[in-house]
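K.L.:
Sequence:
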Amino acid sequence: MKIDAHAAEHTPVYPANLRRRRCYLVISGHVKRLSDDGMALDPRSVDLSDKGVRQVRELSVMMQHVAFDRAVCSDYSCARQTANILLDEQESMLEQAKAFSDIKAGCFSKITPQHPDDRVCQAYETIGEGDGTFLGGEHWDSFENRVLEQFFRLIGEPAWRSLLLVSHDAVGRVLLAWAMGSDRHIMSSLKQDSACLNIIDLDVVGTQVLKRLVRGINITPYDLCKVADSQTVLTVS
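Sequential numbering of the sequence shown, starting at 1, is according to our numbering.
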């Protein structure tokens with residue numbers, strides 16, 4: 001057998017204390033953004049719609065054999081509901097982290113079903129702007145910082161190996177962009193459907209991440225081939 005000495009010199013040597021950790025990143029199930037009379041609802045307190053509950057239950061069937069040793073969600077009601085369905089009898093382990101709440105918009109209250117604001121469907125187009133905001137609300141810079149800072153805190157806590165993290169569309173895009181080694185400019189291309197699953201593996205030594213592996217993106221058991229719904233989660237409903 002011929003040995004390639006040059007290749008052997010470049011074979012990576014992994015530390016003995018390297019740990020593979022996995023984050024199951026789930027986006028909240030579907031919610032209604034407008035009331036029956038057309039008024040914008042407070043996203044923090046809106047529960048899952050019947051459609052959203054069905055979506056999450058289908059995801060829970062697919063994930064029924066996955067074991068979690070840590071579970072975190074945002075402080076939104078829909079995220080908490082989504083996590084509780086997935087955790088089933090392990091609801092007591094669920095923690096809430098406000099930093100994983102969705103990006104704050106500035107103009108949802110002006111949107112009506114009769115005259116939907118086109119900016120809603122193009123909300124990610126301001127990502128590349130130096131002082132860009134999400135629909136006139138939260139700045140992309142501050143949003144990205146709060147999400148990543150909270151995620152890095154979780155990485156710095158060594159007790160878990162299998163994390164369930166339930167959050168929202170924009171949060172998922174931030175974390176996926178980081179996991180891909182990119183910046184937030186690719187977020188507009190990282191579609192996140194309601195109740196979708198993303199899988200991110202991390203090779204960690206202490207608090208240092210040596211490698212990031214994206215195992216799956218935007219997996220929706222209720223519509224694996226993406227044929228049922230071409231709308232984005234930001235489409236007014």
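By construction, these hints were calculated from the structure, which means they are not laboratory data.
Ideal Cβ placement from N, Cα and C applies to all residues, glycine included.
Honestly, I wouldn't trust all of these hints.
Within a straight-line C-alpha distance of at most 30 Å, the following computed DSBU-like cross-link-like pairs (lysine-lysine) qualify [claimed, not checked]:
hint, residue 1, residue 2
1, Lys51, Lys211
2, Lys104, Lys191
3, Lys191, Lys226
4, Lys191, Lys98
5, Lys51, Lys32
6, Lys98, Lys32
7, Lys32, Lys104
8, Lys32, Lys211
9, Lys51, Lys191
10, Lys211, Lys98
Distance windows between CB atoms, simulated [to be verified]:
hint, residue 1, residue 2, range
11, Val227, Asp37, 28 to 34 Å
12, Asp36, Asp75, 31 to 37 Å
13, Leu224, Met180, 36 to 42 Å
14, Val209, His185, 17 to 23 Å
15, Asp47, Val205, 38 to 44 Å
16, Arg161, Lys32, 35 to 41 Å
K.L.:
The structure should be examined with respect to each hint, and the outcome stated for every one.
P.N.:
Hint-by-hint comparison with the structure:
1. Lys51 to Lys211: violated (37 Å)
2. Lys104 to Lys191: holds (18 Å)
3. Lys191 to Lys226: holds (11 Å)
4. Lys191 to Lys98: With a Cα-Cα distance of about 23 Å, the restraint between Lys191 and Lys98 holds, given a limit of 30 Å.
5. Lys51 to Lys32: holds (10 Å)
6. Lys98 to Lys32: holds (21 Å)
7. Lys32 to Lys104: holds (16 Å)
8. Lys32 to Lys211: Judged against 30 Å, a Cα distance of about 38 Å means the pair is violated.
9. Lys51 to Lys191: Holds, because 19 Å separates the two Cα atoms, which is no more than 30 Å.
10. Lys211 to Lys98: The hint holds at about 27 Å.
11. Val227 to Asp37: 28 to 34 Å: holds (33 Å)
12. Asp36 to Asp75: 31 to 37 Å: violated (26 Å)
13. Leu224 to Met180: 36 to 42 Å: violated (22 Å)
14. Val209 to His185: 17 to 23 Å: holds (21 Å)
15. Asp47 to Val205: 38 to 44 Å: With Cβ atoms ~41 Å apart, the hint holds.
16. Arg161 to Lys32: 35 to 41 Å: holds (36 Å)
Checked against the numbered hints above, the structure breaks hints 1, 8, 12 and 13 and satisfies the rest.
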